Amino acid sequence: MMFKFIVKWLGSLKSVPMVALVFDSCLKMHAAIVNPQLLDCIDEVENEVCCWEGVTLSLHQYGGTQFNYKQKEIGHLHSNGILDIRLDRETKNLLVQENKAKEHHVFKKSGWISLYIVGKADVENAIAILCLSYQNAVNG
Amino acid sequence: MKKELQSKLVGFILPNFIILFIIGINRALHIDNEGILVFSEFIILPILMGIISSWFWRNLNLTSGQRVGYSMLNGALAILLSFVFLGEGMICLIIVSPLIFAFVITGVFIGKVMFKKQNTKLNVSLISMLLLIFITDAVSEHDHENMVGDKILINAPVDKIWKHVVAFDKIKQGNQYWLFKIGMPSPMQTTVTGYHLGAGRKCIFSNGYVFDEKIVAFDVNHNLTFDIVNQPLDPEIMGHIDIKRGQFILKDNGNGTTTLIGNSWYKLHVFPVWYYDIWAESITRNVHLRVMEHIKILSEQ
Numbered sequence: 001m002m003f004k005f006i007v008k009w010l011g012s013l014k015s016v017p018m019v020a021l022v023f024d025s026c027l028k029m030h031a032a033i034v035n036p037q038l039l040d041c042i043d044e045v046e047n048e049v050c051c052w053e054g055v056t057l058s059l060h061q062y063g064g065t066q067f068n069y070k071q072k073e074i075g076h077l078h079s080n081g082i083l084d085i086r087l088d089r090e091t092k093n094l095l096v097q098e099n100k101a102k103e104h105h106v107f108k109k110s111g112w113i114s115l116y117i118v119g120k121a122d123v124e125n126a127i128a129i130l131c132l133s134y135q136n137a138v139n140g
Numbered sequence: 001m002k003k004e005l006q007s008k009l010v011g012f013i014l015p016n017f018i019i020l021f022i023i024g025i026n027r028a029l030h031i032d033n034e035g036i037l038v039f040s041e042f043i044i045l046p047i048l049m050g051i052i053s054s055w056f057w058r059n060l061n062l063t064s065g066q067r068v069g070y071s072m073l074n075g076a077l078a079i080l081l082s083f084v085f086l087g088e089g090m091i092c093l094i095i096v097s098p099l100i101f102a103f104v105i106t107g108v109f110i111g112k113v114m115f116k117k118q119n120t121k122l123n124v125s126l127i128s129m130l131l132l133i134f135i136t137d138a139v140s141e142h143d144h145e146n147m148v149g150d151k152i153l154i155n156a157p158v159d160k161i162w163k164h165v166v167a168f169d170k171i172k173q174g175n176q177y178w179l180f181k182i183g184m185p186s187p188m189q190t191t192v193t194g195y196h197l198g199a200g201r202k203c204i205f206s207n208g209y210v211f212d213e214k215i216v217a218f219d220v221n222h223n224l225t226f227d228i229v230n231q232p233l234d235p236e237i238m239g240h241i242d243i244k245r246g247q248f249i250l251k252d253n254g255n256g257t258t259t260l261i262g263n264s265w266y267k268l269h270v271f272p273v274w275y276y277d278i279w280a281e282s283i284t285r286n287v288h289l290r291v292m293e294h295i296k297i298l299s300e301q
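Chains as they are written, first to last, in our numbering: chain A, 1 to 140; chain B, 1 to 301.
Hints were generated in silico from the structure; no laboratory data involved.
You may find that some hints are simply not true.
DSBU-like, lysine-lysine: derived pairs with alpha carbons at most 30 Å apart [claimed, not checked]:
id : chain 1 : residue 1 : chain 2 : residue 2
1  : A       : 120       : B       : 116
2  : A       : 14        : B       : 296
3  : B       : 116       : A       : 72
Note that this is a predicted model, so its numbers are computed, not measured.
The shape of chain B in the complex, shown without the other chains (with noise of 0.2 Å):
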């Protein structure tokens, strides 16, 4: 009884301590490439955290509904130990946390048939496989950049919207996006240093954090365009996410309503990008439409 407890919590906490592990190496020897976190981390590690699980609960006859109870139970800790060791936030690991669910179940699944058929030069070779991914993965180049535009009809000449687009003051709307709900920082207010090109703009988050931007593109009641030339140290941001610029467009329909089309260009340093890029452009389209709805109302006014 003893011996199978020990077997169980062996299970949970070693392959954290592994993972943890293998993690603190792979960024204490990447330390010039900005931090990017490689779809490995998200896929192979877990996988293998799986894995070595269903080593130590080998002789414990688990049901499938224990497996899968324990993997979970097993991600929330390694959620849990990213948070406290590697500083992530907690709205990230919200995000991150299917990934690490599914896959950590999948490597117990393996890891149970892997066990049972005492396969050893199977075992070794899937493993080796993994660590030869996870070490090709962690060392080959990543980018990705990505634009998401979005555009509303506003019933108001381009003239009336323009100063709206430069600088607004405080959203007072609720808001809408659940990730803005739970805690995520949304668009607040947005300010100028002056209405010419060059001039500093800055974009306060509803947690104080603020996007300091450079005026590129000043072209009176048709195109805005700007480059964010510092954005704040959030755990949620840092790491993961350049923004690079944002723009607005208008374009006059002719019978004194406006299409008001908004851009922003930026670049993941998390992957897979299938993944992230989904959370990535659902995220900045929400932060598009609560400044553009906005916009809208103080326009429409």
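If we strip away everything but chain A, and leave its shape as in the complex, we get (with noise of 0.2 Å):
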């Protein structure tokens, strides 16, 4: 709720340096306090991808975690367990139909799909559909 609000009202503050880092940054203390468990399902995703070969860790520009491949982005995932994958748009409607994943959060229109990882059972989904965004990316 106050996520969407920040990102729809103060979205532009978005290109002032760090903003970004430093909302997720507070998006983290948050999750330590309320909801730690939501941390560790982050790791696991993070530390699932990390293993696949070629793919590299860096900041997202808009605060979060950014995977890459070969410096392609093949998705990012925010602290409040928002994921957003990188996907071509057959495969966005084929998964939103299937009720596995939701358009994107901002770019609804895009190939982007997004998916909120609440507890444990949503990371096996999140990092199989990672794992399709990273096929594309490998397959060129």
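Using the hints, put the two standalone chains together into the complex.
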């Protein structure tokens, strides 16, 4: 709710250096206090994806951890559990129809999808969809 | 196991002492600029602290939860050291703590990614950039003055209000503002040496501290303006804010009521303005309201 409000109304602040990173740190602080399990889930996704060949981590420009394959972004994970994944439109439509993912929380008409990691049960699905994006990137 | 504990402890102790050392050097080199606390001290240095901690914790396989917890502990340690070695007041440290925690956590996660990549070029350039920003900020001119104004409606004519504006007896009402409740001094009483231009005025606070004032405008029933000529040497105020001037304006509404306007001018010595001015405005506003509400009660009796 708060995240949506900030993205909608204070989104322009993301171009100020560090603001998005600090906002993401506040999300981490909030999660550590009210829902520490969420941070464990984020670690689980991160540790798994990091093991895939050619994948590197970086800080996402709008806060969170970004997963890259050979400098190309395959997705990023915000610290409130929102995982944004780059896919093609066909795969996106299929996943949305199957209720496995939602349209991207900002760019609804793009090929990106958003996944909301709330607890352990969402981790497997998150890794599986990230793997689709990874395979797309590997296959060029 | 012993080595892990050692790395963990060094990650707490060393960054804190490096930052304390940098602040100490900065203060020693700038004794002439009224001890201004630049924004880098609250933003760049906590980020640097987080990055240095991450270097020592890079092989510990910490979870995100642990990183956040350790960062907050590190921030708390920095706050404690500021209290002991830099003589900062407790309320000031409460005000600054959200900034410290947020930026130390940011630094720790920047460091995590930096040291995972083993990208020496990036690491050196980022740390050099942070230090460059710090030095540029430390030697730059910092000046911020602001005015805060508040008004209330009093159901009494101006001549009944005026005498309470110039001086008033002890405020008996309890504090509503949370910072006053947790120990920040609140205004209690005002005395004057005379009812004329140039008279001395004293604003006495709950902890006994006194602001010495001089009346510079004395337009009976309309305008009382006073300059603050001496403010108390309180660690909560010293080197952080200078209250320059205060003013009460009375406007007769023509129906037996009066609009009382309270204005204060201050100069900030702590930066960034976008953070500290929110607090300075809030505190000034609550000082105004406490005094003006008291004047309202006395005048409406």
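Evaluated hints:
1. A:120 to B:116: Holds, at roughly 25 Å.
2. A:14 to B:296: Between residue 14 of chain A and residue 296 of chain B the Cα gap is close to 45 Å, so the pair fails against 30 Å, i.e. violated.
3. B:116 to A:72: OK: residue 116 of chain B and residue 72 of chain A at ~18 Å, within 30 Å.
Going down the numbered hints, you'll see the structure goes against just number 2.
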